[in-house]
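Novice: Those protein sequences? They're chains S and R, same order as listed. With the first sequence counted from 1, adding 1 to any position gets you the working numbering. With the second sequence counted from 1, adding 341 to any position gets you the working numbering.
Hint data in this document are derived by calculation from the structure and do not stem from the laboratory. Note that CB positions come from ideal geometry on N, CA and C, so glycine has one too. Accuracy of the hints is not assured; some may be wrong.
Partial pick of chain R residues on the chain S-facing surface, computed with a CB cut under 7 Å [said to hold, decoys possible]: (1) G628; (2) I630; (3) E631; (4) A636; (5) L638; (6) G639; (7) T641; (8) R653; (9) I737; (10) K738; (11) K741.
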Amino acid sequence: MAHKILIIDDDYDLVEINRAFLSKAGFKVDCAYNGAEGLEKIKAFSPDLIILDVMMTSVGEGFEVARAIRQNEEMKQIPILMLSSVNKEVGFRLRIGPDEDWNPVNAFIDKPVDYEKLVAKVTEILNSKKES
Amino acid sequence: MKIENAKILVVDDELGMREGIKRLLEIEGHHVDTAETGAKGMQMGSVFEYDLYLLDLKIGDYDGTQVLQKIKSIYPESICVIVTAYASIDTAVETTQLGAYHYISKPFSPDELYHLVNRALERRWYILEARRLREEQERRLLEVAHEKSRIRTIINAIDDGILVINQDKQVVLWNPRFLKLLEIDRKVAVGDSVYQLLPEKLYEQFDRVFDQQPQLKAIKQEIVIHPPAKLVIMVNTTPVINSSGELLGVVSVFRDISELKQLDLLKSQFINMAAHELKAPLSAIKGYIELLIDATLGNTLDQYSHQLDRSRERIDALVNLINDLLNISRIEAGTVRRDIEPIDMSELLQNTLDFFRNDIEKRGLQLEQQIAADLILDADREEIQRVLTNLISNAIKYNKESGAISVNAERNNGYIRIQVSDTGIGLKPEERDHLFEEFFRAKNPLTRNITGTGLGLTILKKIVDSYAGRIEVESEFEAGSTFTVFLPASDTN
């Protein structure tokens with residue numbers, strides 16, 4: 002059965018583009034345009050992986066959503082791939098919490114996104130999850 | 342050493358004695374005044390300190406000892422020699438006790454007189470020299486005290502904290518700013534140990550300066566005193582070394598750099614935001630290009646067309662963003678060149694509405710307008726055009742389909758008041774608080790397809806502020822917003 006991927010990103014265009022490439026790669030894709038909508042969709046859609054934009058309405062909102070997912074018993078196992086445009090996690094270290102080393106995200110991909118890499122990364126994370 | 346050309350007062354009621362002594366001493370080069378009565382002697386002897394007083398013990402009206410006492414009371418260091426015809430041990434002792442330097446018995450030979458006067462003037466010389474040295478020392482002490490208080494005043498007036506420590510790591514000198522910066526409430530005394538006085542991370546710095554001998558260097562360190570208060574202090578510790586290279590102590594200067602740190606943080610936050618905003622359209626454009634290249638997606642012509650449209654819109658938005666960033670930077674740097682001229686706001690506003698007429702009709706919006714005539718203000722046309730364009734384009738972009746726009750312009754207490762209302766998405770109270778912040782954009786499903794830089798209102802506010810105007814916002818979420826701009830009207834209105 003096809004893996005389900007939820008894209009949470011406030012950029013309408015990027016959502017459409019990611020959806021096209023991931024669908025083509027054989028994934029079932031749904032999307033949400035902000036954090037609150039994203040958390041609702043996780044419950045309804047039960048994705049195998051979440052692609053999360055780092056900065057939506059506010060700086061670091063992506064991390065807040067990631068933290069909320071990790072602190073929810075039913076969602077915390079879902080791997081998160083974070084899209085970031087600001088040199089990965091640099092600049093947001095303090096917002097990750099509860100301590101600096103605790104990182105709620107499985108991997109980062111830099112914008113602009115290379116779609117082959119994105120699909121490869123998604124596949125790799127899903128495979129490693131299957132093995133463990 | 343003795344006094345040459347001394348000034349001498351002779352008090353004697355015997356004319357022959359007065360004149361005789363005067364003549365003898367004038368031969369020696371001295372200046373001699375005489376007084377024939379005790380009263381006159383006391384009067385003359387009081388107004389001026391003679392180098393030597395020769396006082397007759399028996400002076401008709403007065404007792405010579407009274408003259409002696411009077412003179413000694415005024416000039417305690419004066420040299421008085423008693424001249425007496427009744428010399429005895431008793432008189433000698435008595436007058437010496439009253440402060441006489443010596444006595445000479447009548448009659449006396451010129452040599453006896455010279456001998457005694459010379460000794461007396463020698464004594465006088467030593468007294469004067471001692472007095473001179475004493476006065477000089479006092480003057481120097483005064484100077485030192487003055488210098489000290491001057492340095493103290495300067496140090497206390499410096500806005501940086503200053504602390505001086507000796508080689509035993511005891512505090513020697515500090516100023517009030519130092520105590521305030523480090524929030525030291527306790528009483529500090531010279532000789533207190535730095536270990537008692539300073540937080541640990543600071544005396545570590547002194548230890549490092551002391552330990553690094555012999556190649557002593559200044560150490561700079563940033564310390565955060567109270568993390569919640571965000572007090573960041575730059576401490577600059579410099580060793581003080583004597584000519585033989587020994588460490589005498591250290592001087593530390595404490596500077597509050599909290600504000601600089603805060604500015605630094607704001608700057609890097611702004612750069613992060615700007616980078617994010619610049620990368621977002623690039624990501625979208627690149628993504629669309631890849632979709633177009635990838636033939637295996639089997640896109641329809643409509644889809645291609647849509648992707649190209651979106652790409653073009655994102656490119657336009659990117660160019661706008663870059664222009665806005667440049668504008669903000671120019672406004673903030675104060676390098677905007679302004680051509681201030683009288684502007685007919687009524688006309689400019691009407692022109693702007695005409696410019697947008699197409700967009701208004703395309704979205705089926707009802708336009709209501711009430712623009713008073715002859716609204717004149719002195720300003721740069723381009724900047725005011727930008728304010729109006731921003732207000733009206735926002736009212737169109739964030740409106741709902743077939744909504745309404747209402748535009749009002751009138752004079753209001755020396756201001757020109759421009760009000761633009763829409764029936765659009767409105768703002769939540771928390772959104773309204775951030776409205777004028779750089780890169781803020783209301784984001785919800787309704788704004789998904791609206792392009793914008795997130796800088797328009799920031800720039801608008803900067804322009805309005807720079808004309809000493811103001812902007813007010815009223816808004817109801819999902820019902821609409823009203824922006825009211827006040828700009829000072831021209832005096833000629």
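Novice: Look at each hint and say if it fits the structure.
Specialist: Now for the hints, and whether the structure bears them out:
1. G628: Nearest chain S Cβ about 3 Å off; hint holds.
2. I630: With a minimum Cβ separation of about 10 Å from chain S (threshold 7 Å), the hint on R:I630 is violated.
3. E631: holds, 6 Å
4. A636: violated, 11 Å
5. L638: holds, 6 Å
6. G639: violated, 9 Å
7. T641: It is violated, given that the least Cβ distance between R:T641 and chain S is near 13 Å, above 7 Å.
8. R653: violated, 12 Å
9. I737: Nearest chain S Cβ about 19 Å off; hint violated.
10. K738: For R:K738, the interface hint is violated, since the closest Cβ of chain S sits about 15 Å away, which is over 7 Å.
11. K741: violated, 18 Å
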